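Read top to bottom, the protein sequences are chains G and P. Quick note: the first sequence uses full-length UniProt numbering, first residue 1, plus one each step. Quick note: the second sequence uses full-length UniProt numbering, first residue 1, plus one each step.
Derived from the structure by calculation, the hints contain no laboratory data. Among the hints, a few may not be true.
These stretches of chain G come out as covered by chain P in the derived footprint (C-beta under 8 Å, 3 or more residues) [unchecked claim]:
1) 45-58
2) 90-103
3) 519-529
All values derive from a computational prediction rather than experimental measurement. In this text, a Cβ means the ideal position worked out from N, Cα and C, and glycines have one as well.
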Amino acid sequence: MANFFTDNTDLLFHLQHPLMKKIVALKERDFEDKDKFDYAPMDFEDAMDSYEKVLEIVGEICGDIVAPNAESVDAEGPKIVNNEVIYAKGTQENLDALVKAGLMGITLPRKYEGLNFPIVPYIMAADIVSRADAGFVNIWGLQDCAETINEFASEDQKERFLPRISNGETAAMDLTEPDAGSDLQAVQLKATYNEKDGKWYLNGVKRFITNGDGHVSLVLARSEAGTTDGRGLSMFIYDRNHKKVTIRRIENKMGIKGSPTCELVFKDAPAELVGQTRMGLIKYVMALMNGARLGIGAQSVGISEAAYREALAYAEERKQFGKTIIEFPAVYELLATMKARLDASRTLLYETSRYVDIYKSYMHISEERQLTKEERADMKYYQRLADFFTPLLKGMTSEYCNQLAYDSLQIHGGSGFMKDYPIERIYRDARITTIYEGTTQLQVVAAIRGVTTGSYLDRIREFEAMAIKPELHGFRRTLIGMTEEYEKAVRQVMEVKDNEYLDFHARRLVEMAGHIIMGYLLLLDTERDDKFRTSTEIYVRMGRSENRARAEYIANCTIDDLGFFKPAQ
Amino acid sequence: MRSFVIFVFLKIKLILKFYKMGLKIIVLAKQVPDTRNVGKDAMKADGTVNRAALPAIFNPEDLNALEQALRLKDKYKGSTVTVLTMGPGRAADIIREGLFRGADDGYLLTDRAFAGSDTLATSYAISCAIRKIKSFDLIMAGRQAIDGDTAQVGPQVAEKLNLPQITYAEEILKAEKGKILVKRRLERGVETVEGPLPCVVTVNGSAAPCRPRAAKLLMKYKHAKTMSEKQSQSEDYIDMSTDRPYLNIAEWSVNDVETDDKWLGLTGSPTKVKKIENVVFQAKESKVLSDSDKDIEELMRELILNHTIG
């Protein structure tokens, strides 16, 4: 009887961010659909009311169905029967409920039977679903693929595939291969064009494919024989109805066990080219991955929420030495720190989602008409922010969710190590978030450019200039001090002009920027609602000392010291 | 020979009627205080339910009935589902909840004259409203409401309309060619019965849970209002109902349905609450379980969930 949306008022707070006015106006193009579709909003208030009410449906399904099923889904998992993936019973129930509620093509345009919601409410739904069952969100959240089809496929392809997804079919993104994991440029799966029938055919193996038996799959394949790098790769749509793919196995994973991770063998599988050849990796997969990374951000926040709630409930109930354990400093510090990290993760999640929303809407508008000069500049501005914030989000929130799961299990003590409490599952589910869709180490590779180009600093300066209440100025002074320290550390590393040295300190620098950015975001949240003050207090304090430690390390670890770490030749 | 042809023709026509026209289903639903999680202030001093202290919800078994009706609508093309509820103005929420899940329209029966009705007066008022709606093939309702737990209104409506009734329904298997096939859940086992249409069916809580509200239907119908709601509403979206007639929820007062005042409200209610006692259960709530895998699994699940085990 729980509702995972209404029982967490922080969600509504983030949904009602002032920037939503702009986001809704762009997404709804001045509400031009209102007379064409009976479910289109009349104005801003109507649209916001719809998001809220639809999220209530998501919250209800998650509280009543998805969360109660999580344990049995984890135990049962999917299986292969006659070359088909059969989900665990609970997974199928979850999916049926979300399909019946019409929650599959949330961001797709109405002409493709979607709800035409912005990214923010969609990501919020993913946040809620992840709290209920982090493994299940992988199946439901693959509707991201539809967004990529909507961006890059032909009108004919959109008309054929998108309504299918809006009406409940699932998707998959087939990128990884046995020898192409982090390094996707090494993808081997062959795409051959048959001159006779004018069709493409796929041959080869894909591995670690989430929901590999989905109805509609996006496949990265080598269309240019003889090439070896990313420029020879193209993107294809494979339709399961062709039945030309063998599901060789489902991996036996540590966590997110309800989500089928498949090994696929393509044998003369007919497929359709998306967009242009050779653009598969360099353009389309990059867009797909950015969407997926935002999704992992949501998954991480949802897991953090679940871990925090389990810890709090246990600490308030469990008695030792004659009192509840939450009364002990060692435990309440852990809990308050968890909450601060959770709040910091969530505010970064929705900030990044808003950037993505704005630039994507401009991008879609630019397909209909030419953008004005101001609009183009605005689009570029938000696209840049989205590009630098997405890897920061994915890297920081996934690491935090593991920390939260670890701390939550620790608070449970011996009971947490047993299979009896949900935290054991949450702990295992959390572990993948720092690995897939690019490891934390690879997020740093993308994010470090935000450090070296000064993009994070530019945004930090903008945050610094925003108006806040006098009583919050103390936090800002601390954050300004942290910014100076960060600039100094960046200078120290950059002055050496050595890429290996930069790579060595990259994670430290990115995290320093991350602490400052999340500190500011929490401060701005506190400006809107005082309930975030405690988390701001704790997070800024913690960020300051963590940044100092990193600055200290950077100052005391010169390029000559790298030798201590290098493997022996 | 000729008469045979005519007979066959008529029969085909009858079959066509049910296939082509689908079924007209009326679902009786009640807005009830959520008595499943009650606090200290759930009862007033006079022993009646303190409705203000409890959230108002769609009576759970009425949702089971709605789901069975919607399944028939999915199965027999052209069928319609109408939600009928009696209550104060805010009970229009129940109609909207029905629309969000796939009902086609609804009627709110509301009037001060209905206030204080017991089951007899309630079933009288509802049966008058159904007579006014006139055309229907099937009336469905939840077995009972969680506020009074009487399970009387459904059967009384059937009696007043002189219709056959099937109670404790768990699944409607078929409703075609003028007949309905229903699986009933009894205390020990199930029974499948056939009855004629039209009839009244009351649905048990063990039936399939109701489907969730659908996002698009919610957005389509969220501005659906009764006349009284529109009159008390000062903001926007009032004019929408002119262009979109489906946004008008029919609201019937005592004058809209042909009734005899003496059977209505307090006057028509012979039930009087004589005394209310606070009962403290001595024995724990008991439950009958079979040795089937399903029941055992259910019990294990419950014990694990409330941490009795583990």
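Hint-by-hint comparison with the structure:
Coverage of the stretch 45-58 of chain G by chain P holds [criterion: at least 3 residues with CB-CB distance below 8 Å; count 7]. Only when three residues or more bring their CB closer than 8 Å to a CB of chain P does the claim for the stretch 90-103 of chain G stand; here the count is 5, and the claim holds. Beta-carbon proximity to chain P at under 8 Å applies to 0 residues in the stretch 519-529 of chain G; the threshold of 3 is not reached and the given coverage is violated.
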